[in-house]
Structures are given as structure tokens and as C-alpha cells.
Amino acid sequence: MKVTVRKYGGSSLSNLKRVHSVAGDVAHARASGSRVVVVVSAMGDTTDALLGLVDEVTPTPPAREVDTLLATGERQSAALLAMALQDMGVPAVSLDGAQAGIGVVGDHRAGVIEELDTARIAEQLTRNAVVVVAGFHGTNDTGDVVTLGRGGSDTTAVAVAAALAADRCEIFTDVAGICTADPRVVPRARVLQVVTAAEMAEMAFAGAGVVHPRAVELAALYELDVHVGSSLDNRIGTVVRGGRMKQLETRNVVTAVVHDESSVLFHVNSPGGDGLCTVLDELSASSAAADMLTMSDQAVSFTVGADAADGLREALTRAGLHVRAEPATGKVSIVGTGLSSRPDVTSRLSRCLREAGVAVTHAWASQARASVIVPRDRTADAVNIVHDEFGLEVST
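Read the sequence shown against UniProt numbering and you will find it ends at 396, with the numbers running on by one and no gaps.
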């Protein structure tokens with residue numbers, strides 16, 4: 001019998017009505033002849049609410065205790081969904097990270113799954129039970145809870161699917177699939193039926209929040225397709241191909257436009273090699289994911305997420321470097337295939353914005369993505385302009 005791994009995010013489980021709806025969808029999948037493992041996030045804004053409680057208790061919380069607290073959100077979701085399934089007459093069991101055999105290494109709030117012992121999951125599947133796994137966390141070699149960081153439940157789902165050699169991995173969220181742009185910003189955006197894992201990873205890293213980039217990278221490593229769809233209608237909209245796709249040259253060079261309004265642009269004066277090494281060392285120490293990194297003998301420019309910006313700025317200043325940060329920025333990116341061999345495409349990106357009166361203050365390009373920085377209050381305008389420039393509303 002085939003095995004399907006389904007992941008449901010917090011928006012899909014935002015209240016008890018949604019929990020019962022998800023239980024019905026899972027029961028239907030099981031009735032169709034599949035053994036089902038479900039990976040769940042915390043309900044709605046539970047994680048943020050728990051972090052709010054931490055802030056009320058202490059400004060300097062121990063990381064171990066924060067992780068122990070945060071993991072209760074996913075455990076709550078897993079237990080409630082298992083109860084809802086049992087109430088429908090469907091055998092189900094919830095497992096937390098330790099019970100599911102998820103071994104994690106690394107720092108608290110930023111753990112990495114090192115191993116996954118599927119024995120207990122497999123045992124329950126042979127009993128024809130639905131296994132509901134609390135995502136986002138596992139345990140380290142001392143038995144402490146370690147969370148995987150934001151988006152960790154996506155990574156949990158892909159890791160479970162890979163470890164079980166599952167026939168299908170599905171991620172359900174509150175959108176119809178992967179779109180050519182955020183449909184809340186570009187109403188003309190269309191759902192992409194297929195994207196490559198490389199494209200999806202770039203989209204996720206550039207700001208698309210549908211699937212976490214670590215999950216996509218893991219899926220690509222195991223050549224695992226990930227099916228993305230809406231929990232509102234239980235339909236799959238996009239397949240993220242973990243393996244190779246044929247006839248890539250016949251596809252549009254630009255697949256989608258992505259935006260991010262939570263990035264801070266840093267300019268750091270770093271005369272000589274020592275200054276540059278200091279910047280890179282501080283980035284590594286802070287675990288801040290730097291993007292759009294450009295450097296010269298005298299300066300380094302890059303973007304980081306707003307949540308890491310203050311701490312990084314303080315660390316670089318303490319190191320004796322002159323730091324200028326621009327928080328009121330928007331990052332607009334085009335994602336596609338072979339962009340580095342198509343300089344005309346990146347030129348069009350900047351030119352169409354300039355001609356529309358949108359200032360571009362920083363630009364960067366790679367093989368699969370080109371990004372520009374624009375004023376934050378013009379980000380939505382820029383996304384619509386770029387979407388029109390590359391004709392992304394038309395399927396080819």
C-alpha cells in the first residue's frame with residue numbers, strides 16, 4: 001500500500017473548525033487506499049503568542065527553555081488532529097519529535113535534522129493508523145528539544161517522506177499553489193503547474209513563504225516531488241519537481257517575481273581583507289542569512305532579515321566597522337532558468353522599473369535569480385510592473 005505524507009501549516013489549522021475540516025480531508029485520503037502520515041505546524045499564531053509570553057517573563061530567556069515551550073504548539077495541533085480523526089472513527093496517533101524518532105543537531109532555534117528513525121511511525125502505519133507528527137522540532141543527543149527555526153515543519157514533512165520512501169509528499173497551505181507573484185499584490189498572478197526545486201528554492205529564499213527553502217533543498221537532494229496546494233479545497237495546484245525536468249530550454253526564462261519587505265540593506269566599510277573577514281565571521285556567528293552579497297576592497301553590501309538586523313549591526317559596530325543600514329527597503333526578484341547567460345533579462349528588470357519612476361538602489365544576479373532593492377513604499381508597484389514586463393500572466 002502506498003504511503004502519503006501530508007503537511008498542514010498553521011493557517012490550515014487556525015481554529016477547531018479548520019482542524020475538523022483537515023481531519024475530514026485526511027480521512028478521505030486514507031479511505032482512498034493510502035497509508036497517511038500528517039505533519040502539523042502550530043495552530044494559527046500560536047508560535048508568536050508563545051514568544052510573546054517569553055518576552056513578558058524575561059528579556060534574556062534561556063534558548064533551551066524557549067525551544068521546550070515553542071514545541072508545545074505543534075504538540076497541541078498533533079494531539080487535537082488525532083482526537084478529531086478518532087472522533088470520526090479513524091484510528092490515529094500523535095507523535096512528538098522524540099517519539100517520531102527525529103534526531104537533531106545544532107543550536108537551539110536553528111537545529112538541523114541529522115537522523116530519522118521511522119520505526120515507530122512504520123509500526124503505526126502497519127496497524128493502519130494515521131500518524132500525526134508534531135513538526136518543527138526534534139531532540140538532540142542529550143534528549144533536549146531543539147526547534148528547526150521558522151518553516152521547520154516543511155522540513156520535517158520532507159524529511160519524513162524521504163526517510164519512509166513515501167510515494168507522495170504534499171504540503172497544504174492557504175493558497176492554491178505556487179504563483180507567478182503574490183496574488184494579494186498582483187491579482188493577475190496565475191498558479192504555476194510545475195516548478196523545479198532550484199526555482200522554488202530561489203523563490204523561497206527571496207521571500208515567497210509557501211514552502212521553506214530548506215525543505216525544497218532536502219526534496220531536491222532526495223529527488224522527491226513536493227505537491228503544493230490549498231487546504232481550503234483539498235486540491236493540489238503546483239508540483240515542485242525534485243528530480244530533473246526535460247526540455248528546460250523551452251520554458252520561459254523568467255518563472256515568477258517574488259518580493260520581500262522584511263529585508264534590511266547593509267553597507268559596511270571594510271578596508272582590507274581583515275574587515276571583510278570580520279563581516280563574514282559576524283554573519284556566520286549571528287546565523288543571519290545574507291542575500292545579495294556584493295563586495296569590493298573597501299565595502300561589503302548585503303541584505304538580511306529584519307529580525308537579525310539589530311543584533312548584526314551592533315556586532316559589526318563593536319568590531320570597529322562603519323555600518324549603514326537601510327531598513328525601509330523592498331526586495332524584488334525575478335526567478336528563472338539560466339539568467340546569468342541572459343544579461344538582457346536582468347537589464348530589463350532594472351530598466352522597466354527606472355522607466356516607471358521606481359528607484360533601484362542595489363542590484364544582484366545569479367544563475368537562477370536577479371534581485372533589486374527599491375523603496376519599500378513602491379514595492380507593490382514594482383512587483384506589478386515586473387510581472388507585466390515579463391508577461392507572466394500568460395501561460396506558455
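Some clues are possibly wrong.
Just the calculated beta-carbon pair ranges, DEER-fashion [as the list claims (entries may be wrong)]:
| # | residue 1 | residue 2 | range |
| --- | --- | --- | --- |
| 1 | GLY391 | GLY311 | 37 to 43 angstroms |
| 2 | PRO375 | LYS2 | 46 to 52 angstroms |
| 3 | ASP233 | ARG351 | 38 to 44 angstroms |
| 4 | ASP225 | ASN128 | 23 to 29 angstroms |
| 5 | MET83 | ARG351 | 37 to 43 angstroms |
| 6 | ALA165 | SER262 | 35 to 41 angstroms |
Simulated from the structure, these hints should not be mistaken for lab results. Virtual Cβ for every residue (Gly too), placed ideally from N, Cα, C.
Quick rundown of the hints versus the structure:
no.	hint	in the structure
1	GLY391 x GLY311: 37 to 43 angstroms	42 angstroms, holds
2	PRO375 x LYS2: 46 to 52 angstroms	50 angstroms, holds
3	ASP233 x ARG351: 38 to 44 angstroms	40 angstroms, holds
4	ASP225 x ASN128: 23 to 29 angstroms	25 angstroms, holds
5	MET83 x ARG351: 37 to 43 angstroms	57 angstroms, violated
6	ALA165 x SER262: 35 to 41 angstroms	37 angstroms, holds
Figure legend: structure checked against the earlier numbered hints; the only hint not met is number 5.
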